[in-house]
Structure formats: structure tokens, C-alpha cells
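Peer 1: Construct the complete structure from the given sequences, taking the supplied hints into account.
Below, each chain spelled out in residue letters.
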Amino acid sequence: MHRQKGVLRAKTTENIKSWLIMLPGLILMTFFVWEPLFESVRMSMYKTRNVELVRFIGLDNFISVVGKDDFMQALANTFSYTFWSLLLGFALPVLLAILIGETRRSKGFFRTAVYLPNMLPGLAVIILWSAFFSGEKSGVLNILLGHVGVAPQTYLTRSDWVVPIIIIIATWKGAGATALIYMAGMASVSPELYEAAAIDGATVWQRIIHILLPSIKKLAGTLLILQIISVFQIMYEPMVLTKGGPDNASLSLMQLMWQYAFGGSMNYGKASAVAVIVTLILLVMTAIYSYFNRKESDWD
Amino acid sequence: MNKLAETVSLLLSLCLLLSACPSALAGSDEVIDANLTCTITLGNWPPDTAAQAEKDLFEGYRAIMARQYPNVTLIPDYYSYSLSNYVPMAKGGTAPSIFQPPFTDPQLLISQHLVGDVTDALEQFGVLDKFSSSYVEMLADENGRIYGLPRDGYVLGMHLNLNLFREAGLVDEDGMPIYPRTLQEMAEYGKIIREKTGKAGLVFPASETYGGWLFTNIAWNFGCVGESALEYQDEDGRWVCNFTSPECIAAMEFMRDLKWKYDILNVDATTTDWASAHTLLGTGEAAMNFAADDSVDQPTSNKGLPVEDFALIPFPAGDAGRYALAGGTCYMFAPNITPDQGVALMAYLKVIGKLPFLDEQIVAGMRADYAAKRDRGAPVIPAISAWNDEEYNAAKQAIVDEYSNVDMRLYADFFDSITDGTIALKSEEPVFAQQLYRELTAVIQRMITREGADVVKALRNAEESFQEYLDDEINDY
Amino acid sequence: MRTEQRTGVIRDYDMHSASVRIGYGFIVFCCCVMVVLAVFPLLWVVLAGFKDLKEFVSSTSLIPQSFSLKPFDTTWSQLGIAKNYLNSLIFVVGSVICALIFNGLLGYGIGILKPRGHKIVKRLVMLSLLMPTTISIVPLFMNIQNLGMGNSFAPLWLSYGANAMYVILFVQFFESLPVSIIEAGRIDGASQLQTFFHIVLPLSKPICAVISIFAVNAAWSDFLLPYLVLRGGNLQTVMVRLFVFSTEQTVNADTMMRSVVFSMIPPIILFFIFQKQLTENAVSVGIKG
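Going line by line, the protein sequences match chains A, V and C. Throughout the first sequence, residue numbering follows this note's numbering, covering 1 to 300 in sequence. Throughout the second sequence, residue numbering follows this note's numbering, covering 1 to 477 in sequence. Throughout the third sequence, residue numbering follows this note's numbering, covering 1 to 289 in sequence.
These aren't lab readings, by the way, just hints derived from the structure by calculation. Treat the hints with care, since some could be wrong.
Covered by chain C, per the in silico footprint, the following chain A stretches (three or more residues, Cβ under 8 Å) [stated by the list, open to error]:
id, segment
1, 96 to 102
2, 191 to 201
3, 231 to 242
Note that the structure is predicted; figures quoted are calculated from it, not measured. Glycine included, every Cβ here is placed at the ideal spot set by N, Cα and C.
Peer 2: As C-alpha cells, this is what we get:
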């Protein structure tokens, strides 16, 4: 009895000490992440005059924001970004990983080379690529096309091209790094397994389909959801490259949020409403994902 | 009519000023006020990237201030104003003491109490009644308190790259450009230039808000004024926007034709911003650019076009109007400035020659400015004064003439059209101009990226959207 | 050198088949194309840096007319980039230290100490990963101003001590550590903090290396919050300058490209020094997620 009490007390002091150790991190998380987020949610339900909250208006900001054409356009664009990102950016790293994984020489060199763009600052990458997609004759792609006899094209003025172009740039930067993650996942397959399959007469192609790809299934699921989350927050890429144009064809939801806040109207209430909507969409998607993966995930 | 009366009153006020404030014409080396002790941060200081001559000029101003007001500390704090980054700074108390917003923003800033009051300081310097009433209106609140000073006025016209005009044969026997007087001629000449040189006839920066900004001027010349104005206040005082008047539709159809009928625009119009428009004209990739008299240094000294290959012409007229957008930037001040800081700031503005005083130090400053401009290959041309002070303006012109490095015939029509009234000056649309520009830019982008786009439908959508914005932000506030 | 067994689907004896050999040739070809695609834009931007404005805007040649280093020298000195490099360095070092200490301690609490109620924190941190951080930049900036920390590196450093991603990486790593070693330490009477610094941290070199690399890269590339906090002062970092150039249109396009080159040099150097850690360790951490 007495012993138990002692254990209990020790346990309590230990708990307190543990919380003390976590305290600095918790304070920082509160200051930099949680409190500002909470503040944003609060702001989304207020009529604001720059950063001051004027009066509580419930869901009016949401109704007003959602009812506008540019929101629908931005929502559609954001799904378009997601679509292209999955089309171009999801399969490509897997392909890269398989290709590099199969090389028998200079593997390290290939890994290094494809990882390199990932180290570069995102802003610098966008500025660099803007020169590639310039529609002038001096645009890099136009110069290259000129060498094979194709007339100069315009790129960023085409409303159905801008989203894929921005995704291509993002993929150029990120695909190599993702490929290396897949390679690490693929390395978990024991080479004996391939040997055995080969002896059983499985072709290279069959081995890829039946052994290699299943080995990265779970990993691919995780990377998929991470990719969707990050592409949903796409903002400064279209901001710097196209300013959301032409005719809002590349306007993303987060960029719309930025426009409400900093685009001349200083409407932080509506800006927050957009951000809250984005957050809700992400939460729903994550919930769906973890529902389908509930057996494997230990995080909830 | 009462020019005489005006002059007399000016002279009177000048006399009053001289007696009231003897230090106003003091030499630059004399101490004016050793007791004034404060620190001011200067957002109008040239950026690190500015030409050395310009930086030296400001160092010179700083030295003068140090002699006149030994206890005023000047902290250079280059700040490129934008509404988005200004608001948090003003709220957080880190705004520079002085900064330069465009004339579209002062009323917004004043109504939200984000800028400082300098009325008393202005009175102390005796210049309160000298700037034109339109500026007073723009820079004061309803009680007549003043929150800003005009910095430089500008009038929109058109920049020409004469090399391309020559190449296209658009010059007369004197070598003067045959330039477009009307928007229709602009389209036709642009087509000739495109065909003869392969370069863009017109660079049209249609990104973000620039496109809408330039478009308002085109729309005015198509008749979008008065009853057909793009935005107006109805009898109930509600703001109403009107993008679907026949005039506005015609103007937008003209924009569409510039791309699909005449094909005179630069290829990447939708991502072209102000700076890249100047770059294209300055490097000979485009022949015409809607731009103002205050940015003539951009294509020339900044982007490398020799001054003899550059001209400035009036904004082309339309069938229903000859307007040119007039505006500019002003100086405004941090919301938390003290009275002492207010005085120090006015003293600083006086030193850099932005108050209507002409003493040796200011004349010297102007000379230095024009000399610097000439040295770096920027056209030295008269500035459009924001001050209603004829003597001051005339004296300024005389100094400009001394340093002139251009053939004024290439600028004459521009300036004459303003003075003789063949062009009517018009300031920007009164409320939420930036948002209006944004809406119109989107329509323009649609027109020039989709052949056969529906003008009326696009304008109606933009109108609905902007009306909703007006309702939210003013009508139902 | 053949001691290690080959990885990969294609086995040695497959190479006897002609079709596999052709396929393999194709794979190598594809890899070479990838290398070109990855490296060409970088080579191009360096070449573009040699051009002046007129040439940059008008020339249809990828190769500059002259290879004089003068334009780079002019841009470097005219824009005073050395100062920005130093600022970036200070920013990056402080950020890495904060990232390791604060996220590490929080991760230690969640992953090893597990006091009563730690699950709530864990869930909050997980949820934070999903939240778009940009909207909260306004209230965050106001908080920073209200505490009088504007125009200093401190708030930026500390912001790296509040990174949900790093916390989760730490937690995952700590949870994989053998419990027995940690408990052995505890039985010896070491306090929780002592355990962290003497037992956990030494075991955690791989994760610390990885998070350092992530933080270095993130801090070097960061520009939104630094732009707001460091504006106007003498503390501007390289990326803040680049952002200012891209929004304020005060530099010409050719100078812009040289600034891009300058902004890329340090990460590239870092990359070549640490390429092994980057392409191997960083990746194997990611895989556990």
C-alpha cells in the first residue's frame, strides 16, 4: 500500500519533469504554430479591418468567399494542380527509382545527379525556369525548339498549359529526392527473392510487377498523401511565375488567400476563411486516407 | 481668369513666409535648429541596387541635414511600399518614418489610421496652401488634416523605341517619328512595325493589376466617363460599377483585336510586368509602351536604349475622348511620428527639394539630380509639378534647359498637349482602384489568350464580382 | 569488388539474353537523359549570367558572347551580396541549433518519456503537419512585433524550434531505439535530461545529421517570414534579397539571373560535401514515415 503510493508519487513527479522537458518545445509550437492558427480560425468568423476584428459575423466570410467565381476557379485549379501532380509527379519518381536501381555501374553518380535539384532554393528554381518558359525568341525552350526547326511557342499565356508547367517545375525539383526514398524502400527486398523468381522462370518484367512494386505499396500510399497535402498548399510558384494568370487559370486556393490578405483589400477575415477551407479539405482527405490504411497506421 | 490674383496672393504668401520664417532661405550650411532632437527612418532612400550617383546624391542630402539639424539622426531604410507589407509594419510600429505610396492608397491608409498627420509641420514651413487642391483632396481627411505630400506627378503617355520606327519607315524627312495620334493608328502602325521588323508593335504589361490600370485610360478614350464611367456613386451614395456599357465593351473589343486582328502585342503579355515592359522597349523587342513621363529613365539608362533613340508621345486618343491618366506617388509618414519627427521630416523633404522652395541648396540639388541623370544616360526633361507655384515651376524649367540632353521635339507634343489642354488629365478611378484593375486585368488576359472569347460575358462576370466587392467593402460596410 | 551481392531486379545471368541487354541499354540511356535534365538548367543559368541585359533579352544563343567574369563581379559588389551571405550563414546556424534542441526535446518527451497525456501533444503535432502555415503568418508576425523581436534573427531561429515534421522524425527515431539501453541509464539514476544528453543524443547521430541537413536547406531557402521580420534592416539574407528583387522590379533580368546563381552556390557546395549522407541517410529516414 505504502509502496504503491510511493510509486504513484514518483510517477507523478516523473510526469511533471517530463512535461517540463517538453515545455520549451511546447511553448514554441504554441507561439509559432498553434496560437496563430487558432487566431486565423477566429479571424475567419469576424469582419476585419486590417488586423483588427470588427465584429463577429459567423460564417458570412465563408459564404461570401465560396459564392465568388474566383473561389470556384481556384478550387478547380487546385484540384487540377493535384491531378497533374499525381499524373506527372507521382509515377515518375517510382520510374526513376526502378531505372536507377537497375543500373549496374555509376549508380551513386545517378543518385547524386537526380537529387541535386532538390537542394536548390524553391524561389531560385522558379525564377530560373521562368526564363525557360519565356515566349520570346530568347526563351530557353524556344531556342532549343529552334534547333530542331520548331517555331517559337508561348507557354505561360496558355490557360491550359500553365498548371502542368508549374507542376513540371515542381517535379523537376522534387522527383529525384522522392525517387531516392523509393530506392531505399526497394532495397528492403532481398536479392534472393529475385534470384528465386528468376530460377522459377519469371521474366524481368514479371519480377518488377509481382515483387518490386508490391514492396513499395505502403510507402507509395504515404508519399501520395504527403504529396497531395503539399500540392494543395501551392502558392508562391504561381505567384512568382504567372501571378495567377492568365485569367486566373493558375490561381491556387492559397494564392487566393494571399490576395485577400495582401492583394490590396487587406481582408484578413476572408483570407482566413479560405485558409480554413483548405485546411478542412486536407483534413477530410487525410481522414479518408487513414480510414483505408487504419490497420497499418499506428499514428491515431 | 484670375491668374493675376493668384500671382499676387502667391507673392503675398511668399512675403509672409519670408517674414514668418526667415530661415526658409538660409544657406545650406547654417544651423537651423540645433534643439530639434529625434531620429527619422527614411524609406525613400535609394536601394543598394541604385546607381552610385543617386546614392551619392542622398549622402549629400544627409550631410546637409547634419549641418542644419545636427541633432536629427537620419537612418536610411530603403522601403519599396506595397500595401501588403505596409499594414503589418504600421500596426507593429516598424513602418519607416517616411515612405512613398502611389496616389491610389492614401485615402485607404488615412481612413484606417495607418499614417501620420503632418498638418502642423507643414504650417510651420508655410507650404500648406501651395499644393493643388486635387492633391489636398487626395491627401487629407474629412477634417482637412494633411497626411501626405505630393512627390512627383506623372501623366501617362507612350514610350517609343525609335530604332524600330525607323526600321519600319515610320519617320518623316527630319527623322522625327510618325507616331500614332489615335488608338486606331496605334493598332495600324503597330502592325506595320510587326510586319517590317518582326518585333512587337506594342508591349502590353497585362499581369496582375497593370493591365487593368492601362485599360482604364483606353476605356476613357472610348467614352467610359461621366454616365458611362467604370465606377460611380448613385443618388443613394452607393458605389456602382459599370463594365458593360457599350463604350467599355467597345474598348475591350479593341483590346481583343490588338491581339487577334492586328497581332501587335508582345508574346508574353499576361506575364509582363512594369519592369519587363520597359526591358522589352529598351532592348528593342517592342516599339511602343504605354508609360509615363516619370519613367523615361527606365528604357534608357536602366535598360540601355540611347536617349536619341527614345521619344515620349501623348496617350493616343480614342473616338470619344482624349484623356491621359495623371497620378503619381506621394510621401506619407508612419502613424506614430511625433511632432518633432514631423518637423524633421519636412526639413528633410525641403533639403531634397520636394517642398516648393528655391534656394541655393535646392537649386544645387536639382542641378546635381539633372547632372546625375545626364551622366547615366537618362533623359533630362521637365517634371510635371505637383505644386501650384508658377515662379517655382518656371525657375525649375530654366534649370532643366541647362542640362537638357535630348531633342525636345521628341517630347514637345507630350508636354504641349498637357499645357494647351488638347489632352484632359484624369486621375485614377476613385475607389478601390487596385481591385478594379485586378478584375479588368483578368478580363484582358482572357481576351488576349482565347481567340473568340465572349467580351460581354467576361465583362459581366467581372462587373458582378467587383460590384460584390464594392458592396462588401463600402456600400454595406 | 564483387563481394557484395548485386541488388536490382535484373540478375547477372539475365544479361545473357539479348532482349534484356537491349532493355538495359535503354535504362542506362534513360538515366543519362535524367542527368542531363537535372543538370542542364543549372549550367544554363550560369551561362546566362555572363550575358548583359540586351543579350539576355534578345539573343537566341545559349552560349554567351563573352566569358568575362566582370558581370558577376559587378553584381556581387554592387548588390553587396557578401553581407547577405554572412546574414544567411548566421540565420542558418541558429536555425539548425534550435531545430535540434527544441524539436529533439519535444520528440524525446513524446517518443521516450511518454508522460500522462503525451498522446494529445502527439496528435496536435501530427495535425499541425496538415495545416497550411502561410495564413497564420499575419497573426504570427503581429505576435513577433508585439514582443519587440522585429528586425532580429531570434524569432526566425526559434521558428525552426517549432517544426512538426522534425518533431515527428525525432519521435519515430526515438521509438525505434532499444528500450533496454535507455532504461539501463535510468536505473543508474540518471535524470531525464541527463539520459537525453548522455544516452539518447549519442545514439541519435543519424537523425540529428538528417534534421540538420533538412534545416540547413530549409533555412537557406526560407524567405516569407524572414522578409517580413528582417525587412529594411541590415540583416537581410540572400533569399530575402532575391524575393525583393523578384517582387520590386528594381534589378534587371540579367542581374536577377546572377543573383539566382549566387543563391544556389552554397547549397550546391554543401550538396557535394554531404552528398553521401544526403542520398543515403536522409532517404532512409524518410522511408520510415
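Peer 1: Now tell me if each hint is right for this structure.
Peer 2: Hints, verified against the model:
no., hint, result
1, 96 to 102, "holds (count 6)"
2, 191 to 201, "holds (count 4)"
3, 231 to 242, "holds (count 5)"
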